[in-house]
Amino acid sequence: MITVTINGAPRQFNAPLTISELIVALDLTGKRVAIERNGDIVPRSQHAATPVADGDQFEIVVAVGGG
Amino acid sequence: MQDTLQIAGKSYSSRLLVGTGKYKDFAETRAAIDASGAEIVTVAIRRVNIGQDASQPSLLDFLPPKEFTYLPNTAGCYSADDAVRTLRLARELLDDHTLVKLEVLGDPNTLYPNVRETLKAAETLVAEGFDVMVYTSDDPIIARELEQIGCCAIMPLASLIGSGMGILNPWNLRLIIEQSKVPVIVDAGVGTASDATIAMELGCDGVLMNTAIAAARDPIRMARAMKLAVESGRDAFLAGRMPKKLYSADPSSPLSGMIGTK
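Heads up: the protein sequence lines correspond to chains Y and S, in order. So for the first sequence, the UniProt record's numbering puts the first residue at 1; every next one is plus one. So for the second sequence, the UniProt record's numbering puts the first residue at 1; every next one is plus one.
Only chain Y is shown next, with the shape it has when bound in the complex (with noise of 0.2 Å):
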């Protein structure tokens, strides 16, 4: 098991893990989202090649209604 600390909440995941794998644990499949792992954005392009590592940090954002 690895922790993550995902939009401020830790979580525990099965190792291992990769951002598209982690997308679908969080039932996110389909949303538009944006993914930042310690401070640096990873691009669509890379989440099915990149690991999620125990303590990483995530930010998952969308966009939403604002002024």
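No incorrect hints appear here.
Residues of chain Y clear of chain S, computed beta-carbon distances all greater than 10 Å:
| hint | residue |
| --- | --- |
| 1 | Thr3 |
| 2 | Pro10 |
| 3 | Gln12 |
| 4 | Ala15 |
| 5 | Leu17 |
| 6 | Glu21 |
| 7 | Ala48 |
| 8 | Ala49 |
| 9 | Thr50 |
| 10 | Pro51 |
| 11 | Asp56 |
Computed list of lysine-lysine pairs in BS3-like fashion (alpha-carbon distance at most 25 Å, straight line):
| hint | chain 1 | residue 1 | chain 2 | residue 2 |
| --- | --- | --- | --- | --- |
| 12 | S | Lys181 | S | Lys120 |
| 13 | Y | Lys31 | S | Lys66 |
| 14 | S | Lys66 | S | Lys24 |
| 15 | S | Lys22 | S | Lys66 |
| 16 | S | Lys24 | Y | Lys31 |
| 17 | S | Lys181 | S | Lys10 |
| 18 | S | Lys22 | Y | Lys31 |
| 19 | S | Lys66 | S | Lys10 |
Just so you have them, the derived chain S footprint on chain Y, three or more residues with Cβ under 8 Å:
| hint | region |
| --- | --- |
| 20 | 28 to 39 |
| 21 | 59 to 65 |
Read the hints as simulated data drawn from the structure, not as lab findings. Ideal Cβ positions, reconstructed from N, Cα and C, are used throughout, including at glycine.
Chain Y is already provided as a structure; the job is to place chain S on it using the hints.
Relative to chain Y, chain S alone:
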């Protein structure tokens, strides 16, 4: 000749830019934006609600990015770092979209911009290839510095965000308009249609608003009012107003040919 608003190399026929926050639901958001005629719509970037039903509708379903120019903002950011991170995420989210609205706030009560952090963020974002429309105070010196950094539009406040207080310092706006070579767009503070018209009569290139429409009793009707107000003000500015005559009148009807004269 067609009068268009040019921002970062793209032409827009509407000079009204609108926010997408504070509406009852996405259907009302869409109806108000359609009534406003706006082509550029601001959106906020927020953490996804994990555990929420993924099939729930999203803003993008109601406002397809193909139909509108999205302007992701940094609302709620209090540091240059947070603003830059937010817009990098926005660029990834919106498929390498570079047009952004930078705002770095300095105080939660007034939402007044922190211009020091704003300048810092603007430098980073321009260097990274973003087209930065920047919310700022109505200080002409700061506005000039932001233009020199390479921002593609200067967006001074008319009054505090969400206050609806209208244009409190038209003289500063005029100073900014006169010196700027990039579009000047009043952002924040417009309360009703006449405020938008005054901004345009002053020579602003556009007006950006959210609450004035969303918090009206009938947002869709107000959106239409704002569309007409911005168009009216723009036409009045281009037409050039008559000079004011103090303390004397000037009749509109002929002085000659009056009945009963000898």
